[in-house]
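Chemist: In order, the protein sequence lines correspond to chains A and B.
All you need for our numbering is the position in the first sequence, starting with 1, plus 450.
All you need for our numbering is the position in the second sequence, starting with 1, plus 40.
These are computed hints drawn from the structure, not numbers from a lab.
Because the structure is a prediction, the values reported are computed rather than measured.
Please note that the accuracy of each hint is not assured.
[To be verified] Here's a subset of chain A near chain B, in silico, CB distances under 7 angstroms, partners left out:
no., residue
1, 497
2, 513
3, 554
4, 556
No residue lacks a Cβ here, since even glycine has one placed at the ideal position from N, Cα and C.
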Amino acid sequence: GDSVTQKEGLVTLTEGLPVMLNCTYQTIYSNAFLFWYVHYLNESPRLLLKSSTDNKRTEHQGFHATLHKSSSSFHLQKSSAQLSDSALYYCALSENYGNEKITFGAGTKLTIKP
Amino acid sequence: EAAVTQSPRNKVTVTGGNVTLSCRQTNSHNYMYWYRQDTGHGLRLIHYSYGAGNLQIGDVPDGYKATRTTQEDFFLLLELASPSQTSLYFCASSDGTISGNTLYFGEGSRLIVV
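Chain A extracted, bound-state conformation (with noise of 0.2 angstroms):
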C-alpha cells in the first residue's frame, strides 16, 4: 500500500536559518496528490500547501515545495525560520483515483529558537 517517510521526527533550528524538511512516498498512482499539513498546539492539523503536478514548485505563507515523481519526494522549505513556525508539520498523500484514501508521514516536529 500507499506509504509516507518523514525522517526527521524532531528539528530543531535558530531563527533565521533556512528549514527543509524531508518527505519522501511510495505508490502505485501516477496521478497521486502530496500534501503539507500543518499542527500548531491547541489548534486543528490545517492544509499548508499542495501539489499533483512534477516539477512545479507550489508556494503558500513562505513556505515552498515541489513534487519530484523521479524521486518520490516533495520536501518543505523555507527560506529563513520564524518563532511562528514552530509546530508539528505532517506530510500526506492522496491516491486521487477514486477512493480518496488519504495516508500520513508520521511527522516532523519543528522547533525555532531565538
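Place chain B on chain A using the hints.
Modeler: Frame of chain A, contents of chain B only:
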C-alpha cells in the same frame, strides 16, 4: 471555511468500557475520516466514508467500528476500550478531488482509557 465539530472533546473511560466519538460537518462534504494521533506515529487512518451508509477500512481499524448515519454525521465506536486506544482522535472531511482532497479537521477528541 469548512466546519467540523467533534464531541466529546475529552473523555476518560475504563478498560472494557464503551465509547462513542461523534463528528459532524456542515459543508456538504462527501468524505469523512477518523484518524488517531500518537507521538512517533503521526496521524493514522482508522476508518473513512464517502457517504451515508458507506464505510471504508483504514490502516489501523482493529478495535474500532464506525458508522456514517447521514452526510453530516460520522461516529467512531470503541466497544471494548483498551489502554492502547488512549490517543487524540481527529475527524476530518473533504469534498474529494473537487478541491484536490483537502482535509478539514475538527478540534480533536482526547480519549484516556485507564
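Chemist: Hints first: check each against the structure and report whether it holds.
Modeler: Verification of the supplied hints:
no.: 1; hint: 497; result: holds, 5 angstroms
no.: 2; hint: 513; result: violated, 16 angstroms
no.: 3; hint: 554; result: holds, 4 angstroms
no.: 4; hint: 556; result: holds, 4 angstroms
Violated hint: 2 only; the structure is consistent with all others.
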